[in-house]
Structure formats: structure tokens, C-alpha cells
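**Student:** Just so you know, the sequences run in chain order A and B. Those letters in the first sequence? Residues 2 to 112, by my numbering. Those letters in the second sequence? Residues 5 to 116, by my numbering.
No wet-lab data here; the hints were simulated from the structure. Careful: at least some of the hints might be erroneous.
Simulated restraints, written as ranges between beta carbons of each label pair [to be verified]:
| hint | chain 1 | residue 1 | chain 2 | residue 2 | range |
| --- | --- | --- | --- | --- | --- |
| 1 | B | E57 | A | S81 | 38 to 48 Å |
| 2 | A | K69 | B | L116 | 21 to 31 Å |
| 3 | B | E57 | A | K111 | 13 to 23 Å |
One-sided excerpt, in silico: chain A residues whose CB lies under 7 Å from chain B [to be verified]:
| hint | residue |
| --- | --- |
| 4 | S95 |
| 5 | M100 |
| 6 | G105 |
| 7 | T109 |
| 8 | K111 |
The beta carbon of each residue, even a glycine, is placed where N, CA and C say it ideally should be.
Spelled out from the first residue to the last, the chains are:
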Amino acid sequence: AQSVTQLDSHVSVSEGTPVLLRCNYSSSYSPSLFWYVQHPNKGLQLLLKYTSAATLVKGINGFEAEFKKSETSFHLTKPSAHMSDAAEYFCVVSDDNDMRFGAGTRLTVKP
Amino acid sequence: DTAVSQTPKYLVTQMGNDKSIKCEQNLGHDTMYWYKQDSKKFLKIMFSYNNKELIINETVPNRFSPKSPDKAHLNLHINSLELGDSAVYFCASSRRGESEQFFGPGTRLTVL
């Protein structure tokens, strides 16, 4: 069985500072991993995905994530936060069409 | 050119009513899904369906039933609505054998 754990329910950063949202997963197989973002009262938007190609994945809006098999992690980073990054972020592990969502991390960006 | 669409966007109804939420995808995908997002933002799979197989999350009450008139649609019917059904419901679709799912904008259901 696969599962995903987002280690922080809430992260607060100042505008212009780095963002780190942590995610650990467990999976019996080589998983696909995703990060989705949900802005307030909006749907889910795919930020980036890992599907067994390059371990460093670049996504939209300057986000990237690194797949580390030894640490079973897929942390999401961005060098410099922008006010528009404030949203809920979901780490997702997928195996054969079975997607498991993390509980979400709410990112707050302070001016 | 919306890929996955849901109607309505908002649905407010009384306890005990029966309601439906529609989902359509124009991506030519084989598999469609329904998720429930609770008040704490956690997403849980409810159903996955392709033209051969319906997989139901065993925790979903049988008041919920998916209906697929064709490959591009998977509607969600809910009978005898309860207060605890209030949530945001997301439809999604994927190509068979591929892990990435494309999500609709969500339907916010409020049961009074």
C-alpha cells in the first residue's frame, strides 16, 4: 500500500525568501509523484510531476522538487516566494491509477 | 476548451434531498474519478471508473452512486443528503496506464 505524509500542515515565509514544503512517501513500487496547488476557492492545478526520469523536476511558477529514493522524499522548493504563492499544496503518490493525497500544507506568504 | 468540467460549481440544498453533480472530460481519457475534499482540505478517492470496471472506496456510503452515460461523462448521484456530505467534490480523469490525473474545478456542496 502506498501513502504520503506532508510533514508540515502550515508553512509561513516572508516574500522573497525560500520555500520548502516537505513530503515523504511510501510505496511498494516505483511510484509517480506529484505536487498540486489549490488556491482559495479554486480547483487543483498540477505544479510538477516525477515519473522515473530526472530526479530533479522543474515545475511551473519557479517551483521544483527533488526525488530522493534513499530518503523516500519529494520535497517542494522555490528560491524566492511571491505573494501569489499563498495557497494549499498537496503532495501525491500514484501507483497504477491509484492516487493518494497528502493532508496538504498551507503556505502563507508575508509581505 | 476546458479539459475537465463540473456542474454546478456551487450546490446548496436541504438535508434529505437527492442531487447530482455532472462531470465531463474532453481529453479522450479512459478512466474517471470522484474525490471528496473535506473541511480540512484532505482529498479522498471515492470512485474510479473506466468502461469495464467500477472501483468503489469501501468507506463511501451507498447513497453515493456514479453513473456514466458515456466515456466522457461520470456523474455523481447522491441520495438522502446528510449534513456530513457538505464538502468540495472533485472529478478527475486519466489515460489508462498513466498516473497523471487531470482535475475539474470542483463542486462545493453545502447541505443545510
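**Student:** The structure should be examined with respect to each hint, and the outcome stated for every one.
**Tutor:** So, going through the hints one by one against the coordinates:
1. E57(B) x S81(A): 38 to 48 Å: The hint (38 to 48 Å, Cβ to Cβ) holds, given that E57(B) and S81(A) are roughly 46 Å apart.
2. K69(A) x L116(B): 21 to 31 Å: Taking Cβ atoms as reference, K69(A) and L116(B) lie about 47 Å apart, which means the hint is violated.
3. E57(B) x K111(A): 13 to 23 Å: 48 Å, violated
4. S95: Hint on S95(A): holds, closest Cβ of chain B at ~4 Å, below 7 Å.
5. M100: OK, holds: M100(A) within 7 Å of chain B, min 6 Å.
6. G105: 4 Å, holds
7. T109: With Cβ-Cβ at 14 Å, over 7 Å, it is violated.
8. K111: 21 Å, violated
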